[in-house]
Every structure is written in C-alpha cells, then in structure tokens.
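Visitor: Protein sequences, first through last, are from chains A and B.
For the first sequence, the numbering used here assigns the number 1 to the initial residue and increments by one for each residue that follows.
For the second sequence, the numbering used here assigns the number 467 to the initial residue and increments by one for each residue that follows.
Any given hint could turn out to be false.
[As the list claims (entries may be wrong)] Here are some, though not all, of the chain B residues that point toward chain A, as calculated from beta-carbon distances under 10 Å:
| id | residue |
| --- | --- |
| 1 | Ala499 |
| 2 | Leu513 |
| 3 | Pro630 |
| 4 | Ile643 |
In short, the hints are calculated from the structure, not lab data.
Beta carbons are placed, not taken as given, at the ideal position from N, Cα and C, and that holds for glycine.
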Amino acid sequence: MTPPRTLLDKIWDAHVVLDLSDGWSLIHVDRHLLHDLSGPPALMDLRKRDLPVHNPELTFATPDHIVSSRPGRVDDTFPAGARLVAGLRLLTAAAGIRLFDLGGEGQGIVHVIAPEMGLTLPGATQICGDSHTCTNGGLGALAFGVGTSESAHALATQTLRMRKPRNMRVRIEGSLGSCVTAKDLALHLLRTLGTTAGVEHSIEFAGSTVRALEVEERLTLCNLAVEMGARSALIAPDEAVFAYLRGRRFAPTGAAFDAAIAYWRTLASDEDAVFDRDIAIDAADVVPTISWGTSPDQSMPIDGLVPGPADAPLGTLEDLAASLDYMGLTAGQPIAGEPVDWVFIGSCANSRISDLRAAARVVDGRSVAPGVQAWVVPGSMAVRREAEAEGLDRLFTDAGFQWREPGCSMCVAANGEQVPPGARSVSTSNRNFVGRQGPRARTHLASPAMAAAAAVTGRITDVRTL
Amino acid sequence: MFAPFTRLSSRAAVLPQANIDTDVIIRIERLTAGDSARIGDYALEALRYREDGSENPEFPLNQPRWRDAQILIAGANFGCGSSREPAVTALMAMGLRCIIAESFGDIFYANCFQNGMLPIRFSAENVAALVADAEASSSEFVVDLHRCSITTAAGCEVVFTIDPQRREALLSGLDDIGLTLRHAETITAWQQADRTRRPWIWMADTREIAA
Ligand code: SF4
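Isolated chain B (complex conformation) (with noise of 0.2 Å):
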C-alpha cells in the first residue's frame, strides 16, 4: 500500500558507479536500531558521509543543484546483493521515487514495485546519452508513466518500456496481498488436490507430532 505514482519532474542526479549494492544503500546494523524514523539519513551514508561524519561534497546528492532530486541515474546492476526492502525505502526517504539503470539486482528491481518506487531499465547507451543530459542542464526531466516516456532536460522525449501489470499497481496503488485473497478458493482447492499429488511436501510438520 503506498502513492500511486502517476507523473513526476524533477532533477535528475547522476550516480555513475557499478554494482551499488544493498549494503552500500542501507547498512544493516541501521536496520537492527529500530531507528526507522532516520533511515532516510542513513541512506548511502559510506558515500554520503566523510569518516568524521560530515558530508562529502563530491557525492553527486550532496551537490546543490541534485539534492533535491527526486530521479536518479544509477551505474549498472544498482542494487544488487541482499534482498533486505529498506533499501527502497531508505532512497524514497532520501527523497527519490524513479531510478534509472542498466541493470538492477532481481530482488531490488521487485521490491521497488512494492513500495512505489519507479526503477527504469534502458539500455548503456540510453543511459548516457540521460547523463549527458543531466549534468548538461539544470532543468527538470519529467517521468510519465501513463505515457511511459521521460522528457529530458533539454528537452528529448525517450519512451521506455514496463511491465503491464507493474504499470497498472504503480499507476493505482494496488495492494498485491488484496488482490490474491480474491483468489482464495483457487489457492485452497490447488492445495487439497496437492496434498494427492505431492503428499511428501505436506509432512513435514507431521513427521515430528506422529512420531
């Protein structure tokens, strides 16, 4: 459950580097604080941070003019590694709502969707050609997903293209969990023709009480 997202302009950062990993995105001893109301802060902070703990002025966010954006261009297979979903949510609470990549980590990619986060995929080719265009200009891209089309700063019009039904959730909100529960008697009559087919995989909580 979260903002649908329709439409979006705003900077767009660069991040260039490969393999940003999950680790990287959201250190996991932040997660174990139980401090969810900061974890915003402590997104990319090995990047973000000097070791004295103040900011690094080199990292692309931290510069004026891309630390409001809300559109990240990211180096290839952003996200990969763990599977841990704060990783999306630590960048949205950082602010950014769209990444555009080569490549994502698999698990990344699908969490994105779960939470209304936009991650792009376009070719290496493409994606130069939006840095080229982001570091240019100080304008605003616009991302438009009933269109599925990004216009650039200076103007340029690429489409892109989404998964129909991953379109449809992030355009509406939907609620994956609701949606299955409609299908509830599917999935219970599936089991009980299971429990004939396969009755090895229904034991094993079984075995122990029987014995």
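Excised from the complex, chain A in its bound form (with noise of 0.2 Å):
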C-alpha cells in the first residue's frame, strides 16, 4: 500500500526528473513565465554564457512592472521602461518566446493573464520571476516565485533545483459573512498567523470556506500566501476549475482534456496524509479586514481600534511604534473615518473582473469624494475587454475614477505612478510595506468593495455602513 500523499506531495512527486540525493530534486517546470523586469536579466544571463531556451514554447512573457498605465499610452509613456521592454521583446523575439506585448489580445500582469489564458493548469508546475506567482495555486498549480538566477537555470535546462518544501494545511470552515469577501480572509489569516508562518512550507487551503469560493476569488487567497512567508500555495482542484478551464485560449482540449481532468480529480489530499502543520480557522470569524500599519500581518477588523503597545506581543513594540509612526496614526483611534487621498483598485490580488464588478456595486450611484484621487487599473486587456462590454468604465469614468490601463501600476510603484509622500492610500494590492506606493506612501490594504467605499466617502470606510 502507498503511504496517504498531500496534494503538494503528488505534484512534487510526479515533476522528479532526478533525485539530487540529500533532499535535493531536479523538478521539471511545466511554465515559465517572465516579465518585463525579471525577465531581460535572466534572458541576458543566458545569451552571455551562449546557451540556448530549453523550451521556448513552454515559456510565456508579458510587460507589466514598468509600463505605463495612463489611458492610451505607448512604449515610452514611461520613458524608463521603454528600456526594458524593448529588451524583452528583443531577447523573446531572438529566443522564439511568445510575447504577450503592449496593446495586443493577452497583456496584463503576469498573474492574472495565466489563469485567464489557461496556460496555468492544474497539476502543473509554473516559475516566474515574480513572489505573487503563488497566485496560480488557486487553480491548483505548484506555482512560486523565484529569482533571476533560478529563472535562467530554468530558461537553459526547463528544471530547476529545488528541496520540497513543508507540508502546512490551512483549513477554514463555515460560511463568510456578507461583505467578506476572500481578501478580508487573506488578511485575517495573516493578522492571525502572522508573516512567517509558510516560511519553508506549501500552504494548501482547504475547508467548505475554500470550496465554495469562487475561481477568482482563490487566486486572490492564494495570492496572499506569500505574505504568509509560503513560496507556494494550493487548493484542490475541482469541478470548478475544470469549469473555468475548459475553452480559455491555450486550455487543452478534446481527448487531452479530457485526459487532463481525470488526472487532476485524482491530485486532492488524502483523507489521512499528514500536513507539517495543520490549522483551523472558523469563517464565522473573519470580519472586512483593512492593513493598519506596514506589514500585512499589522490588520485589523474595519471596526476596530488601531492597536497600542498593550496589544504588541513582546519585543515588538519599537516595531508598532515605528508603523503607527510612518502611517501617522494613533494607538487606540478607530480605523474607520480617517481620512484617505488615494484609491487604487487594481494588482495581482483584486484587478479580474470580479473584483472590478464588486467595487462597481459600490460605486454605482455614487461618486469620488472631493480631493480623493481614485484609479481603476485593470489585470489584463481581456478584464478591459469585458468591463467595458459591462458598461463598467463608464460606470467608474461617471463617477469621477481613472479608468486606465492593464498593468502593475500603483502595485507596486515601478512605472513612476506613485502615491505622492505622506498621502494616505487605500489600495487593493498585497503590499503596505514603506515606500512600497511610492516614498512616505501610507498604504492601507483592503477588499475592492472597501476600497470603492473609501473612494466615495473619502474616509477608511466599513462597506457594511454603506
């Protein structure tokens, strides 16, 4: 009889090409995708020491970090990335890598076109030079971010070398509340289990909470997983996926899919595999969360009151004063009310078209508080593309938001779009660290619809209120 395996344990299993003794494997990457930033460095690497792609036609590219997202823009809207696309385009071109390129069917952020595309796949294995490439386990694909060094091994031998990581369950149980949405989950799961909590470890979340998310509502789960200190993140894949896959542009079809599905029902975590670690968390806990201070861990119910040294576990409280200090807030003030200059809706976490459609609920009727400076930046064109059959952009444009460009944009501050110094910014991103929208930034992460909320009322706002 074959020992109980975990989900992780059976992907892992089946991508050995060769046992590296002491732990050590040589996994095969089934896609790889490269970005404008990560990828010329690692593309470059291997021109330099005359070695070809392994597998260009398992490796995809897209720009995203340092484009511009104004409405209408070209290469050099931002002229310092019009550098670094060119380089990718050039060195994609040279190495027979399908580019997904500015203005064209299939550009956005790394993380959402692969789902969208299906070039993620369940059971797969996918690499990118990117820590949110955990994202991708929403489908159920061992997916995590590595580093250019990484990407270029990947790029001249399609495997890479890699110790399995831990085995760590999060199991969440019970049904969420309303206006609780999966990035209110991300985040109590971390104001719980703090920012190490996945280090070395896969985290798999599973539970009826899980089950009965929505696809892209476990991408935006999984997404977060990095925070948590995961390199990775799953979920097992089920009728739903199968669902979401079936016809999307480079998805299988016919016999192979067909194949495909079988294959997959069969990845789910055994009854009785054992996890590294194990959790349980009880839905009926989980309030709209928002980010207080400079970590995602530093969350709290939208409530409640920003926390004080008698809150701070020991040896942390220079930690919380140097938060509370930079994002020039109070201990013991209530989050809700203060005041916020910047709306981002958008990033790897919350830019598909669900999320676009919930902070639109919001929205609707409404509009941007004055002196409050609000974007939409969509995940891809095709999340463009379908907003705008919805009559969304004009819903956002109405009501006084910047409909812009698919991209990372305020993310992460790469392409000049930047939060201005000491503003306060409810974002829908996955990062409030310092400096992460732009110097002095003070970021606060939130769900689409709360930050829809802090638009039209030009306060951290509790959607519930509204």
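Since each chain comes alone in its own frame, lean on the hints to assemble the complex.
Guide: Structure, rendered in structure tokens:
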C-alpha cells in the first residue's frame, strides 16, 4: 500500500526528473512566465553563457511592471520602462518565446493573464521571477516565485534544483459573512498567523469555505500566501476549476482535456495524509479587514481600534511604534473615519473582472469624494474589454475614477505611478511595506468593495454601513 | 558564478527590526534606472538616509563601529516580500557577505546562495546572544563555513547548521546551470516520456498555430 500523500506530494512526485540526494531534486518546470523586470536579466544571463532556451514553447512573456497605465499609453509613456520592454521584446523574439505585448490581446499582469488564458493548469509546475506566482495555486498549480538566477537556470534546463517544501494546511470551515471577501479572509489569516507561518512550507487552503470560493477568489487567497511566508499555495482543483478552464485560449481541448481532468481529479490530498502544520480557522471570525501598519499582518477589523503597546507581543514594541509613526496613526483610535487621499483598485491580488464588479456595485449611484484621486487599473486587456462590454468603465469614469491600461501600476510604483509622500491610500494590492507605493506613501490594504467605499466617502469606511 | 565563501572576519552590525522586506532593501525604481554601478548606495536607502538625502546617524550601519561590517545580525523574516535578486546583490555591494537572522523570506534565502552570500538561521535565543555580543564589543566575529561555526567578539563559538549541498556550492563557488546541464540527457528523456504521460502540458503553444 502506498502511504497517503498530500496534494503537494502528488504534484512534486510527478515532476521529479532526478533525485539529487540530500533531499534535493531536479524538478521539471511546466510553465515559465517572464515579465519586463525579471525576464530580460535572466535571458541576458543565457545569452552571456551562449546557451539556448531549452523549451521556448513552455515559456511566455508579458510586460506589466514598468509600463505606464495611462490611458492611450505607448511604449515610452514611461520612458524608463521603454528600455526594458524593448529588451524583453528583443530577447524573447530571439529565443522564440511567445510575448503578449503592449496593446495586444493577452497583455496584463503576469498572474492575471496566466490563469485567464489557460496557461496555468492544475497539477502543473509554474514559475516566474515574481513572488506572487503563488496566485496560480488557486487553480491547483504548484507555482512559485524565483530569483533571476533560478529563472535563468529554468530557461537553460527547464528544471529547478529544489528541496521539497514542507506540507502545511490551513483549513477554513463555515460561511463568510456579508461583505466578507477572499481578500478579507487573507488579511485575517495574516493577522492571525503572521508573516512567517508559511516559511519553508507550501500552504494548502482547504475546508468548506475554500471549496465555496469562486475560482477568482481562490486566486486572491493564494496571492497573499507569500505574505504569510509561503513560496507556494495550493487549492485542490475541482469541477469549478475544470469549468473555468474549458475553452480558455491555451487550455487543452478534446480528448487531451478529458484525460487531463481524469488526472486532475486524483490530485486532492488523501484523507489520512499528514501535514507538518495543520491549522483550523473559523470563517465566522472573519470580518471586513484592513491593514493599519507597514506589514500585511498588521491588519485589523474595519470596526476596530488601531492597536497599541498593550496589544504588542513582547519584543515588537519598537516595530509597532515605528509602524504607527510611519502611518500617521495613534494607538487606540478607530481606523474607520480616517481621511484618505488615494484609492487604487488593481494589482494581481484584486484586478480581475469579479473584483471590478464588486467595486462597481459600491460605486454605482455615487461619486468619488472631493480631493480623492481614485484609479481603476484592470489586470489585463481581457479584463478591460470585458468590463467595458458591461459598461463598468463608464460607471467608474462617471463617478470620477480614472479608467486605465493594464499593468502593475501603483501596486509597486515601478512605473513612476506613485502615491505622493505622506498621502494615505486605500489599495486593493497585497503589500503595505514602507515606500511600496512611493516614498513615504501610507498604504492600507483592503478588498475592492472597501476601496470603493473609501473612494466615495473620502474616508476609511466599513462597507457594511453604506 | 561568484567568489567562493570560506571564512570571514568582521564586526557584526545589528539591525533588529523584524520584516525588513525587499522593497526596503532596494527600491524597484532603482532597478529600472539601469544604474547598477550605484546599487550599493541605494541599499536600505529609506533607513540609511534622511529625507534631505543626508546620512541618518541613527542607522546602525552608518555608525563608525559598524560602517565596514560584513556581517549583519537582522530581525526575523529578513528579506520577505518580492523575488528581486538585486536585494541580495545590493547588500553585497554595500559590503555584506553574511546575514544572521531567526528567519528569512524563502526566495531571498535561495537568492543568497546564487550570489555567494551566506544566510544563517538561528533560534531567537541564539540571535539575541549574538546581538548582545556584537553590541558589547568592538572586536570581530569570525564566520567559518568549513567548520560551520561563528566565533563571537567575546570568543564564544556557536555552531550553525546549513544544507550540505548549499554549503558545498558556497565553498566552491559552484555554478548550478553547469551542474544541471550534465544531466541534459536525463531531462530530455523525462520530457519525452512526459509528452505521452501528460500530453496536455505540451499543447499550449501548438494550439493556436494548428488552429
Ligand atoms: S501587481 Fe503588484 S504584486 Fe502583482 S505582480 Fe505586479 S507588482 Fe507584483
């Protein structure tokens, strides 16, 4: 009898090309995504070594990080990005790698386009020189971010030298309350488990709450796993995922699709599989959640009071004081009601069509509050087109939002699009680090509905009270 | 491809703040600017410099005793956040060769080994003891990768554990790509078999061309 295995064990075992001893394996990479920032240096590394790309047909590229999101943008709307985009274009063309280029179908944030086009597949391994590659685990792919050197290694060999991560399960049971989204759940997990809970682990999200999430919500949940320290996250693929994939641009078709589904059905963790860490979470405890500090675990219920020294675990007092100071908040104050200057709806955490619809439902019939700059940056060309077909672009622009071109934009501010120093921003992205949205920018992470609520009221607002 | 790491003597600077992320280590627009010669000047800039651009005298690595430190004792979860590999090379350009912390961001940790930086994980108690030593004395620490030991300024020796293959690679400056390419035939054979086993993986790029 074979011992019970987890979802991670099964995917891992199916990709071991060679046992390298001491716990190391050579793992096959099924999908490799490149973007404008990490792609060119990895491809340059190969060029310098005079090595070919091993499997260009398993490699895909798109510019997203350093492209302008300004409506009607062209290559050099953000001149500093033009050089890297040109490099990506040149190097991918030379290597025979498919590029989803600016202005064309398919361009967008790399973790938005991969699932959307059916490049991400259950049970497959997927990498990208980007830490939020874990997003793709929402479809059941073992996906993780890599550095430039590992990306170059995969380009040259289509493999990675890796140690298997440890198994961790976060089981969430029960139904989520009204206005509680996958983003609130992720921020709640961060607040409860901290930023290092998943270090050296792959997190499988399981339980009735997770089963009930729409596929796009699963992508959001897995997106924030890296903030919990995990390089990869997984959700067992099920009928919802198979239905989602059917007919997507690069998804398999016909008999191959049927064969794939038959295999994907076998991937769920065995009943009695043992996890190195196993954590239970009650969905009833999750409320709309927003970050107050400079690390995503510094999050709190929207109707709560900003934590103070009394709430700080020993040894973190200085960090807590530094976070409060940076954010311009006082311990014990309510977070709701704090005036905001910027609202950003976008990023690989929350820029898919369901996110834009959720924001639009809140905005409908209201306008952006005076003095607030509010942006919607769709995650991909496909999302943008779909939203426009539904009239969401008009709804947003009529309310006073800017409707922009797909890319990472203000999530990381690599493209010059920054929140000004000292300004307070409610953002649907995934990182509130010091300076992440621009030097001295103050970022609060929240769901699209809460970001929309902040935009129309001009304050941090409990969306349930609107 | 990097200079092998064997033994290092240097003072050890202390940066106790937890969750120092890769955005703080190197801002992303410093990477787009293509100004790699100055990357060391930009490392940790939000902490190192004041708003007017002058040095922040409070920042540990700006203090005379630690200015040339090659060892950093950092807070937990050092290097969390993005996968950007220049976070490692920026710290190396600043002069660091070894970082000691209770925990690291996983991708940052892996990236260290690709560049010849030695990251050492220690329990919270061990880190606290090293911090006390580093702060009390101005003498040097010795990190010896052959022996997997750190001798502190006060002369105490502590032993650390490190994955044997990673240790070997650091000691000899081994190149991962070169090592793996020795298995090129095994990889090709695996892929051949996989085309039959999982045909759907191999269809993506032919779909549109065939259609
Ligand atoms: S949207 Fe933000 S988090 Fe996502 S890939 Fe782009 S920069 Fe990274």
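Visitor: For each hint, tell me whether it holds in the structure or not.
Guide: Against the structure, the hints:
no., hint, in the structure
1, Ala499, "holds (6 Å)"
2, Leu513, "holds (9 Å)"
3, Pro630, "holds (5 Å)"
4, Ile643, "holds (5 Å)"
Every hint, counting from the list given before, is met by this structure.
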